[in-house]
Amino acid sequence: MPELTVDGRRVEVEAGVTVAAALTNAGVEHLRVSATGQARGPLCVMGTCFECRVAIDGQPHRRACLEVVRDGMVISTAPNPKPQTDDRSLSSRLVCDVAVVGAGPAGIAAGCRAAEAGASTVVLDEGDVAGGQIYRHRPPNAPEAIRPWLTRLDRSGARRMGGASVFDAWREREEIRLLAETSGGALAVSARRLVLATGARELFLPFPGWTLPGVLGAGGAQALWKSGANLRGRRAVVAGSGPLLLPVAASLTKAGAAVALVAEQASLASLAGFGASLARAPSKILEAMRHRRGFAKTPYRTGQWVAKALGTERLEGVVVTDGVAANEIACDLLAAGYGLVPNVELAILLGCAMRGGAVAVDARQRSSLDGVLCAGEPCGVAGVEVALAEGEIAGLAAAGQSDPESERRLGRVRARGRRLAARMHSAFRLRTELRALASADVLVCRCEDVAVGAVAGCASAREAKLSSRAGMGACQGRVCGPALRFLFGWDSDTVRPPARPARIGHLAVFEDVSKE
Amino acid sequence: MPSDAIVVGAGIVGAACADALSAAGLSVTVLESRFPGSGATAAAMGHVVVMDDSDAQFALTRLSRELWDALAPELPRACEDERAGTLWIAAGEAERESVGRKAELYRSRGVPVDELDGRDLVREEPNLRPGLAGALRVPGDRIVYPPAAARFLLDRARARGARVVTGAEASVIGPRRVTTHQGAFDGAVVVNAAGVAAPLLAPGLPIAPRKGHLVITDRYPGFCRHQLVELGYLSSAHGHSTESVAFNLQPRATGQMLLGSSREFAGLEPAVNRSLRNRMVRRALDFMPALARLSALRTWTGFRPATPDNLPLVGAWPETDGLWIAAGHEGLGVTTALGTARLIADAILGKTSPIDPAPYRPTRRFAAAHA
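These protein sequence lines are chains B and A, in that order. Per the working numbering, the first sequence runs over residues 1 to 516. Per the working numbering, the second sequence runs over residues 1 to 371.
Isolated chain B (complex conformation) (with noise of 0.2 Å):
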């Protein structure tokens, strides 16, 4: 077994779980200290918020959720630690024809398509191991629905880098650039074409307490489990709103937590008109009855919604309501998501064509930008059926190979799954009782400790930016940009490179291994 050593401490740890699982499993729950000195605990557990930063090796503002554990692996939460400067980073070079970013169900399908029909492919993910945030798993146990493709993909040549965080993408002449970082060092990458499936994030909304440890994502929390943590003995509330909620109170009923509520905003009223269009989709039905026998003594409320998590250092109960009573529940792991946000930074620093928040695409998945296409979540949140056909489609379009059968059959897939979605959002409206729990000392940016009465005043994201630091931090808005979206109806800021934090020595390599 691996072993750590945590601010000082020994540690043993199984092999294969994330630095986040790791220090769960170790007691350790408070990870950072913020902006104005509160401890914070994971929260997105995707690479997104960066509440999770711990200092790795010497290497401080390392996302714990993303680092599989390495023996003699030493992690310090101690604020502040100073930048080690013994290290040597290596830069590489890699030219293909095909480069995916997204190892999720659109970005693997993709892969497969563009590699099968012999273009040379390369993709890319944040994440160790493929599957994307819906099949997230610890190798070898990859869930059977993605075990073929995984195989598929495995087989059609398409290489596939982990650990590899893509953090600028421009046009330069008739090549697509990428530059990423992984543990080694920066990667950049030359291509002829580009899949962007960047898949989607949660939206998190800010009420009285949602920044305790212990206060998670609703997939954050699945997430965690799936990537090592233990949750045997833990009581949970699962809460915000979706389709989501139900696989993630499963499977934290089968990690041994005790599921005291999953409390979903929408109203009946609301999910029962939806209920009923999803007479022509069965299997959805069937999926969700799946997941439902697994905790059929767990209460699922509509309408209602977690008004306030309570404690001081960390997460002791919720308060939920109905909008007229409010319960108290004890509990030591809050869930709560809000449904999901595409994932389109990269679309937008290339400068690709946008429509209603999502990336605008043609019938072969192509965006306004020439030789860039785009699948799954970031065209729209539609889930794993639609990302799979989406990716298959870019991945030929990418390769330059026509199939007309197969584009038609994908192409039905593809339509039936958008007009679902399309019910499936308006089922789960958020409602507008939600904007009140953000009060004015509520925090929004939790990256700069911004409350929400900081920015009530301005007029549009960018103002709030300069005048009260919201979405300077390292997520770089992506928590608290779709919050305030919510809230006050701004879109969010530019994007610039980097589009995710990147060392600066990192910033600057394309011309280095381009010399080589």
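Treat the hints loosely; a few may be bogus.
Unchecked claim - With the C-beta cut set under 7 Å, the calculated list includes, among others, these residues of chain A facing chain B:
| hint | residue |
| --- | --- |
| 1 | Phe35 |
| 2 | Pro147 |
| 3 | Asp218 |
| 4 | Val272 |
| 5 | Asn278 |
| 6 | Val281 |
| 7 | Leu291 |
| 8 | Ala292 |
| 9 | Arg293 |
| 10 | Leu294 |
| 11 | Ala296 |
| 12 | Leu297 |
| 13 | Ser353 |
Derived by calculation from the structure, the hints in this document are not laboratory data. A quick note: this is a predicted structure, and the numbers were derived from the prediction, not measured. Built from N, CA and C at the ideal position, the CB exists for glycine as well.
For this one, chain B is given, so just place chain A on it according to the hints.
Just chain A now, kept in the frame of chain B:
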């Protein structure tokens, strides 16, 4: 009702003018096209620095720094005011000699400085690469957060009755009248403090946008203590080559490092010019290799309002009745905003300024055509 004075632009310069004019008892209206501090002020580093490119530049920056010193006790925390001092770094022996000459000049004009040799420099800033020849330290130089400073100055003006109209983009400045999308505003005098947009409202003003890049890092408190600037900065700032870079690093009060600088004439295209930004980064890594490990959070660009002789345009503009100019501050707008406001207020009120205003007059002759 007409105001005594209309200030066009609520960047740091316009805000300082509004502050000074309202302090003199004038009724002031400020017209801002977007929101206060949203232009070059938002992109600026906020280095309050005495610079010696010319006698006139020295006089204005020294006066301005004295005014910032006087203001410092009143600045709220959001302004992140810190008297961090500047280190002008000499890379080699030739530059080391210029440190001595520079020191003499500063001292002779009443600005305290110290000379550091290579060993002192390593002790003061251990993350600089070893082997640098030395530095001139100007301990009185400051750092502020420019958009917050602009808001503070505007708030003071507001407290004296000034009116600030945001989202009011000026389209025409006529005699004692400014026309905006929100209607016309009349004033006995109009101060054009619109930065790079100033020539649109006063055709003929020799101002061109000079784009710059900045990179900001995550928090590393104590990584560096002074604002670090290579001595070669002056030739980057004041040459008129199309593209140039110079090492310029600033420790923010948050513990973040703000890294510059680049200069180019590239119109008003805000996109990051990766090749120039990369040159800028490599230049910084030459001086401070340890920067390579710091995590960069963002890059942004901004546009300095540049003039042909590197001095701002401050004074009356005879082409239009009642029009005054306070623009063209290139990369020194934050430093010289307070001195500029002083000159403008003195001139409008017919008072004598503490420094000779002639070198900054917008109507002065420019030796060379603008790049």
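Do the hints match the structure? See the list:
1. Phe35: For Phe35/A, the interface hint holds, since the closest Cβ of chain B sits about 5 Å away, which is under 7 Å.
2. Pro147: Given a least distance of 5 Å, the restraint on Pro147/A holds.
3. Asp218: holds (5 Å)
4. Val272: This hint holds: Val272/A lies near chain B, its Cβ roughly 6 Å from the closest one there, short of 7 Å.
5. Asn278: holds (4 Å)
6. Val281: holds (4 Å)
7. Leu291: holds (5 Å)
8. Ala292: holds (3 Å)
9. Arg293: holds (4 Å)
10. Leu294: Holds - the Cβ of Leu294/A comes within 7 Å of chain B, reaching about 5 Å at its closest.
11. Ala296: holds (5 Å)
12. Leu297: holds (5 Å)
13. Ser353: Check failed: Cβ of Ser353/A comes no nearer than 32 Å to chain B, outside 7 Å.
The earlier numbered hint that this structure contradicts is number 13, and it is the only one.
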